[in-house]
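Enquirer: Chains as they are written, first to last, in my numbering: chain A, 1 to 390; chain B, 391 to 601; chain C, 602 to 822.
Hints in this document: simulated from the structure, not taken from any laboratory.
Computed from a prediction, not measured in an experiment: that's the story for all the values here.
Errors might be hidden in some of the hints.
Computed cross-link-like contacts, EDC-like style, restricted to lysine to aspartate or glutamate with a CA-CA straight-line distance of at most 20 Å [said to hold, decoys possible]:
no., chain 1, residue 1, chain 2, residue 2
1, A, Lys231, C, Asp651
2, A, Lys231, A, Glu364
3, A, Lys292, A, Glu207
4, B, Lys415, A, Asp206
5, B, Lys577, B, Glu567
6, A, Lys231, C, Asp658
7, A, Lys159, B, Glu425
8, A, Lys59, C, Glu773
9, A, Lys59, C, Asp765
10, B, Lys405, A, Asp206
11, C, Lys677, C, Glu693
12, B, Lys461, A, Glu74
13, B, Lys428, A, Asp162
14, B, Lys405, A, Glu207
15, A, Lys312, B, Glu506
16, A, Lys71, C, Asp777
17, A, Lys71, C, Asp783
18, A, Lys71, C, Asp786
19, A, Lys254, C, Asp658
20, B, Lys415, A, Glu158
21, A, Lys231, C, Asp652
22, A, Lys319, C, Glu632
23, C, Lys671, A, Glu74
24, B, Lys539, B, Glu520
25, B, Lys428, A, Glu165
26, A, Lys312, B, Asp511
27, B, Lys405, A, Glu209
28, C, Lys782, A, Asp341
29, B, Lys415, A, Asp162
30, A, Lys310, B, Glu506
31, C, Lys782, C, Glu672
32, C, Lys782, A, Glu74
33, A, Lys59, C, Glu774
34, A, Lys312, B, Glu460
35, C, Lys671, A, Asp341
36, A, Lys57, C, Asp765
37, B, Lys472, B, Asp511
38, B, Lys428, A, Glu189
39, A, Lys159, B, Asp413
Here's the letter readout for the chains.
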Amino acid sequence: MSVSDLSSFTPSSGPTVRAVKDPFHGDLLEVSMGPQHPSTHGVFRMVVTLDGEVVVKLKPVFGYLHRNHEKIAENTTYLGSMPYTDRLDYLCSMTTNWAYALAVEKLAGQAVPDRAQYLRVILAEMTRLVNHSCLVGFLFNDLGTSFTPLLYAFREREKILDLFEALSGSRMMCNFQRFGGCRVDPTPEWLAAASRLVDNYPRFLDEYETMLTANEIMLARTQGIGILDAKLAVNAGITGPCLRASGYNYDLRKVDGYGFYPRFDFKVPLGAHGDTYDRYMMRILEMRESVKILQQAFRDLPGGPVMDPKAKIRGFRPKAGEAYGRIESPKGELGFYLISDGTPNPYRYRVRPPSLINLTLLEEMCLGHTIADSVVILGSVDIVLGEVDR
Amino acid sequence: MLGSGIINGLIVTAKNFVGSYHDPKRMVTVQYPEERAKLPENYRNFPFLITENATDPMGTLRCVACQICEKECPPQCIYIEKSKDKKPDATGKPQLYPAVFAIDTSVCMSCQICVEVCPFDAIKMDQVFEVAATDRFTGLLLDREQLAKPNSYFHEIHPTDAAEVDTRLATERQAAEEKAKAAAAAKAAAAAKAAAPKAAVKPAAEGGPTA
Amino acid sequence: MESLEQIRDRLLARFPGATVTLVTNPGVAAEHSLLLDAAHGAELALFLRDDPALQLDYCSNATGVDWPDKEITDVKKTTVPDPAGGAPKVVEEKTKHVEPGCLEAVYHLYSMALRHGPVVIRLRTANRSDQVKLPSLTPVWRSCDFQEREIYDLYGIVFEGHRDLRRLLMWEEFKDHPMRKDYVDPDDYEWEPTPHAAVLERAKAHYPVPPAATPPEAPKP
Chain A
1 MSVSDLSSFT PSSGPTVRAV KDPFHGDLLE VSMGPQHPST HGVFRMVVTL
51 DGEVVVKLKP VFGYLHRNHE KIAENTTYLG SMPYTDRLDY LCSMTTNWAY
101 ALAVEKLAGQ AVPDRAQYLR VILAEMTRLV NHSCLVGFLF NDLGTSFTPL
151 LYAFREREKI LDLFEALSGS RMMCNFQRFG GCRVDPTPEW LAAASRLVDN
201 YPRFLDEYET MLTANEIMLA RTQGIGILDA KLAVNAGITG PCLRASGYNY
251 DLRKVDGYGF YPRFDFKVPL GAHGDTYDRY MMRILEMRES VKILQQAFRD
301 LPGGPVMDPK AKIRGFRPKA GEAYGRIESP KGELGFYLIS DGTPNPYRYR
351 VRPPSLINLT LLEEMCLGHT IADSVVILGS VDIVLGEVDR
Chain B
391 MLGSGIINGL IVTAKNFVGS YHDPKRMVTV QYPEERAKLP ENYRNFPFLI
441 TENATDPMGT LRCVACQICE KECPPQCIYI EKSKDKKPDA TGKPQLYPAV
491 FAIDTSVCMS CQICVEVCPF DAIKMDQVFE VAATDRFTGL LLDREQLAKP
541 NSYFHEIHPT DAAEVDTRLA TERQAAEEKA KAAAAAKAAA AAKAAAPKAA
591 VKPAAEGGPT A
Chain C
602 MESLEQIRDR LLARFPGATV TLVTNPGVAA EHSLLLDAAH GAELALFLRD
652 DPALQLDYCS NATGVDWPDK EITDVKKTTV PDPAGGAPKV VEEKTKHVEP
702 GCLEAVYHLY SMALRHGPVV IRLRTANRSD QVKLPSLTPV WRSCDFQERE
752 IYDLYGIVFE GHRDLRRLLM WEEFKDHPMR KDYVDPDDYE WEPTPHAAVL
802 ERAKAHYPVP PAATPPEAPK P
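Only chain A is shown next, with the shape it has when bound in the complex (with noise of 0.2 Å):
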């Protein structure tokens, strides 16, 4: 096969294995991963370029989990969207929620009463805990540690998503932001308990750090692989803590102050390598100030209503307008992008996935390494297939 086969290849027919020839490479092996493999979180699909055991090719295939939830929002009212929002990232409902809803209140107008943006960062801080957490047990699984890592993480989460049931009905689609406010009020005795569990939450991450961050093998596997240069991440729109590992401090908490987080003092923790290992750490850095964000809160929580009184939840019509809503969601920047025309249902709706151009850089990232590396990149990039495909 000569290089201009290689260029025309398209990746969704052929066989799974291949071999290819390449002038400049000699003989390469073009082997399909997923989108049933294990290690790519979902319904993701890798066609790599192998010389030997070093990717030189990898080309992200997408769509698996493809339902157009653009189409359907477009089709269905406003209110209507909210739980399909659950399923976009399905492990962090409560933000994706708090996104859309953003975003339409912007749209329409509609303000918030302050007890709901207190219990929305609660929620969205929560739901970072049990990203992060996730993310970190994913990412030793990947690393082959398979099973004990992720488990003591998901014990974590399960106690989260134990509150969220509690407060919304649904452990993981929640549904619970609505537009001026919150669906449920929280009750006094679930304050506490959340308040408890967050101040247990450091003793956790102790645990987990003292388990494996100083693991010999976690280094030698993380450190200086999957190296992501600043410059070319800002271009590629790469946001969250992937763009943070590169040392790019650029956090919509700080920079758009959306919703209260100018009234809480917390840091932007920012990396220095960009590589595997720094993202790893960003995420149990950014779990740390996630629990100063959460005692800030739940120390201030004001009272008052959690529904601003004047919001409406049928006949719910903005006027005709556009909006770009954007949060800073556990895996990057999430905007949802709105044209109303006056009618029930949205005109225009648009979800910015951070997850998808999140990976625009995947290849870059994986170049040179070994595919057993590759693996370990991608699950540092944290993507959920729900929101890739939409």
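Fit chains B and C to the supplied structure of chain A, relying on the hints for placement.
Expert: What follows is chains B and C alone, placed relative to chain A:
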């Protein structure tokens, strides 16, 4: 020292391993189905319809077939056909009732929007999560006989919510009764006035309660 | 950050041949946008990225919007004086014209370096059928890579200068563009009876004999 990180990690797992034999707090799993975790009160699964009276479930459905939930349901899993005739509801007011009320639980995504939009508190979320059927096509399509559950069951699964709904309905009923009484009194007064030779202006309150 | 009017004026001064129009947003958010002409789109975008005062180095969101052809009825009212000396008559003259639709690509630009934004820019195709080419902004912002592929996939805008313009979410053999407003979805979904008449009717049209043993009708009371 090279390897100290691994050894420290192994100490942590060893502690957890030994601890799981002594400390019940470290046992984080439950042996389902012999043991069951307690469901939180807010837990929701699939919707059900509330009836006032357990002995006559179809006659005392709170649902008046207004079809708001059918319109608002995001995955469109509710199907309602209005009745042709009217039946008296709990307050004695004649209302339509659903001749057909079907929910396809294989499509339902348990989002609770039907509950939120229902102005009559007629549909609520159930907590039965062990749902299985041998027939994929019709087994999960629940009709109104399967969906109807008495108000006492609602009290069992969502006590706080049910108490709040009951007090609200009671006050609404009282208000309706008072209004009806006032309207009747006004009507009587009007009738008395009409009986008098000149007066023929009807009071605005006539027509009974519409709320 | 400068206002959009200032940016527009600077763009027009720098690129005399280009047309840049301000598109106002009547909504509460009041995020107005700049409509760039397709011929100069790429150079204008490059200027926006590299201009030291703007430094819009980060393209957050790139998306398509479909504006189908709109039939607009113009009502022209003329007052005709009655020759008989009565009250003048008002004669309504109705004419219809079709406002041609277009496909639009919308980009939300932010500056990570200067932490400002958004600047919303739009590019429009000439029509929705045969002239659907727009310049690709992927050479300017790498983040448009997958998003432009998605727009191509779901809306059918062809981005010239994109290095790898393939379908992103739908499969290669798929023909239509599902996010267009006039897209008709096929009726050959997997047979899945729901209580809804519309779904049933469509399914019946496609499957004359339902595979389910029992008729998938809503249960009779």
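Enquirer: Mind checking the alpha carbons of Lys159 (chain A) and Glu425 (chain B) for me, to see if they're no more than 20 Å apart?
Expert: 18 Å, holds
Enquirer: Take the C-alpha atoms of Lys461 (chain B) and Glu74 (chain A), compute the straight-line distance between them, and say whether it is at most 20 Å.
Expert: Between Lys461 (chain B) and Glu74 (chain A) the Cα gap is close to 15 Å, so the pair holds against 20 Å.
Enquirer: Verify the proposed pairing of Lys312 (chain A) with Asp511 (chain B), using a straight-line Cα cut of 20 Å.
Expert: 18 Å, holds
Enquirer: Does the structure keep Lys231 (chain A) and Asp651 (chain C) at a Cα separation of 20 Å or less?
Expert: 14 Å, holds
Enquirer: For Lys71 (chain A) and Asp777 (chain C), compute the direct alpha-carbon distance and say whether it is at most 20 Å.
Expert: With Cα atoms ~14 Å apart, Lys71 (chain A) and Asp777 (chain C) stay inside 20 Å; holds.
Enquirer: Lys254 (chain A) and Asp658 (chain C) were given as a pair; does the straight-line alpha-carbon distance stay at or below 20 Å?
Expert: Since the Cα atoms of Lys254 (chain A) and Asp658 (chain C) sit roughly 18 Å apart, the hinted pair holds (cutoff 20 Å).
Enquirer: Below or equal to 20 Å on CA atoms is what counts here, so check Lys310 (chain A) against Glu506 (chain B).
Expert: 16 Å, holds
Enquirer: Measure nothing beyond the straight line between the CA atoms of Lys231 (chain A) and Asp658 (chain C); if it is 20 Å or shorter, mark the hint as holding.
Expert: 10 Å, holds
Enquirer: Does Asp206 (chain A) lie within 20 Å of Lys405 (chain B) when you go C-alpha to C-alpha?
Expert: Satisfied, since the Cα-Cα distance of roughly 14 Å is no more than 20 Å.
Enquirer: Quickly compare the C-alpha distance for Lys57 (chain A) and Asp765 (chain C) to 20 Å and report which way the hint goes.
Expert: Holds, at about 14 Å.
Enquirer: Can the restraint linking Lys782 (chain C) and Asp341 (chain A) be considered satisfied, given a maximum Cα separation of 20 Å?
Expert: It holds: about 14 Å lies between the C-alpha atoms, which stays within 20 Å.
Enquirer: Hint check: Lys319 (chain A) vs Glu632 (chain C), CA-CA at most 20 Å. Holds or violated?
Expert: 14 Å, holds
Against the hints set out earlier in the document, no violation occurs for any number.
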